[in-house]
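S.K.: Sequence:
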Amino acid sequence: MRDPRYDILFEPMDIGPVTSKNRFYQVPHCNGGGYRDPSAAAAMRGIKSQGGWGVVFTEQCEMHHTSEITPFIELRLWEDKDIPQLRKMSEKMKEHGALAGIQLAYSGINGPNLYSKEVPLAVSAMPIRTFTNDPVQARALDKSDIRDLRRWFVNAAKRSKDAGFDLICLYGAHGFGIFQHFLSRATNQRSDEYGGSLGNRARFVNEVISDMRDAVGDTMGITLRVSLDETIGDLGFSNAEVRDFIEMNRDLPDLWDLAQGTWEDCSGPSRFKEEAAQEQLVRGIHDLTDKPIVGVGRFTSPDVMAKMIRSGTLDFIGCARPSIADPFLPKKIEEGRIEDIRECIGCNICITGDMTMSISRCTQNPTFMEEWRKGWHPEQMNAKGSSSSVLVVGSGPAGLEATRALAERGYDVALAEAKTVLGGRVTRERQLPGLSAWGRVVDYREYQISQKPNVETYFDSALDAGSILEFGFENICIATGAKWRSDGVSRQHVVPMPINEDMPVYTPDHIMDGKIPSGKVVIYDDDHYYMGGVLAELLVNAGCEVTIITPSAYLSDWTVNTLEQHAIHKKLAGMGVNVVLNRGVTRIEADHVESDCVYTGMTQDYGCDAVVMVASKLEDNGLYHDLKARESEWADAGIKSVKIIGDANAPGPIAWATYAGHRYARELDGEDIGDALPFRREITELAVD
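What the sequence shown shows, in the UniProt record's numbering, is residues 1 to 689, in sequence order.
Each hint should be verified, as a subset may be incorrect.
[Stated by the list, open to error] Once the Cα atoms are required to be at most 30 Å apart in a straight line, the calculated DSS-like pairs of lysine-lysine come out as:
id, residue 1, residue 2
1, Lys419, Lys483
2, Lys483, Lys628
3, Lys640, Lys384
4, Lys21, Lys158
5, Lys384, Lys374
6, Lys384, Lys331
Everything labelled a hint here was simulated from the structure, so no lab data went into it. None of the values given here were measured: they were computed from a predicted structure.
Working from the sequences, and respecting the hints, build out all of it.
M.R.: Structure below.
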């Protein structure tokens with residue numbers, strides 16, 4: 001039963017000619033599928049509708065072939081042939097009463113047109129700005145081009161209506177949309193009636209919305225997404241100028257969709273952005289317009305959501321990442337099941353799907369983007385198979401998710417943990433700087449398991465193969481994790497590097513155990529994700545003088561994909577960390593490390609009192625191999641299967657571990673599919689010559 005404090009979140013709200021059933025608004029977000037995986041994306045959006053969202057949007061949809069962002073894979077609405085796949089998506093969105101929205105984007109200086117080979121068109125002539133630094137420039141739109149662009153938006157609006165959408169979002173935020181490019185002095189250097197004053201710079205968006213209203217405005221709501229502050233100084237579209245723009249055009253769209261600055265600003269990870277981080281930028285904007293406002297801020301708490309509405313800051317609670325972590329978030333609030341919400345941890349693994357042009361993942365929700373491909377539902381497990389009992393060894397993220405999901409299927413599960421607390425690596429890593437929110441991975445699963453009468457948890461239970469063979473469990477799941485290597489083996493070194501035994505060498509495990517070095521410390525980072533940077537911060541706070549050496553051209557290289565690489569480097573540089581790029585470590589001596597340039601091989605010594613090795617991990621798979629060696633004894637012991645999952649099988653990010661645990665639970669007692677694909681995919685239709 002719903003808590004009355006949250007009644008305000010379930011009030012219907014008008015957006016122009018259409019009405020949302022509540023204030024839960026899934027803002028546009030990417031998923032790595034786009035035009036390549038339309039059925040997977042449609043099913044994912046449909047689950048949001050089932051979960052109670054009042055508004056569900058697509059991701060960025062390229063509305064014309066003269067502005068596309070290859071290699072990134074988004075939706076396309078270039079011609080009528082694109083309508084059927086988009087109609088399938090809108091139908092899924094509306095299946096349970098949500099409004100279906102489509103975000104139309106013309107990328108301008110963000111569209112290199114590597115696929116279409118068209119000359120890019122932008123507000124002003126300048127180099128293309130993308131994540132991939134394409135060596136391409138755009139030419140400035142002339143008056144004829146602007147007339148064409150207005151017509152193309154109208155064509156896209158009509159196609160959107162034909163595809164069954166209720167709402168259109170015009171993308172002008174994060175530096176990515178043509179509307180922001182017109183509005184910002186950083187990208188609008190025109191001297192005609194479309195440049196100069198704010199009124200002139202706002203001319204194009206006024207013209208497009210007027211055109212679209214004439215075409216579809218009696219049946220579709222038109223929303224405008226703008227950045228609250230480009231955060232690039234006087235040249236950019238500042239928060240003050242955003243307020244002037246909204247006040248001058250107070251009734252321009254049917255809803256104002258307010259984002260912050262760049263994508264990195266708006267969707268910063270929990271290491272750098274708190275919940276509702278944009279509140280101060282939004283506060284007071286409602287005094288400037290009578291139209292509803294939606295804003296974002298990785299909202300996970302219904303109390304914070306209700307406060308944002310009651311204070312008059314927002315009319316809709318905009319969510320992207322929280323809607324991925326728990327598509328049923330609105331329904332759980334409505335049903336009074338707050339404790340069952342899978343809270344977003346702000347790790348931004350979901351964004352890496354888009355950045356790497358692959359299918360997205362979620363650390364908290366392993367079913368994300370597998371709703372159609374594998375038939376996985378975030379709230380419903382498949383029926384129990386023929387066996388009855390499972391022993392899960394290890395309570396890290398893989399073991400916990402396997403235990404939770406197996407219990408949901410109806411198996412009797414024993415969870416054996418060698419230590420005295422659940423959570424494995426997550427329980428350890430949540431103590432590191434900036435990673436406290438990651439503990440929700442454990443908290444959610446620990447609570448869910450505690451509610452299951454068919455789960456028994458055993459602590460201080462370091463098991464061996466002989467004990468397991470005596471227990472009588474039918475299925476054994478080995479999730480014993482991995483440990484960081486201290487010998488330097490990773491990408492630069494495929495065999496252990498030379499290390500003088502007089503130099504203290506630490507691993508992340510040592511530091512998480514409380515063994516903190518002192519004095520001058522060199523961190524060798526050949527892992528390239530978050531750990532090296534996090535440990536550098538921890539050691540500086542502990543009083544160490546830190547140098548971090550990485551063979552990559554970027555510090556914490558892979559975090560480009562989680563939108564935090566810039567913030568990591570900026571923070572560590574500001575703390576006084578000596579960041580050394582494009583250099584490896586060839587050997588460790590008693591009082592220094594020898595470092596080599598990755599291009600020339602030239603060496604340089606860095607004096608230090610200790611080394612922290614952030615290289616690769618070694619699987620803790622001894623128990624699994626001991627059991628495999630005694631496979632001839634399984635039948636007599638009643639064992640039907642033994643499987644190893646998660647880091648014990650192959651180390652990876654936490655999202656890989658929760659996925660592995662969930663997959664194990666889903667597939668237990670399943671039929672042998674042989675060489676068939678374990679997921680569905682769509683094949684491009686061949687054109688008739």
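S.K.: Of the numbered hints stated earlier in the document, which are not met by this structure?
M.R.: none
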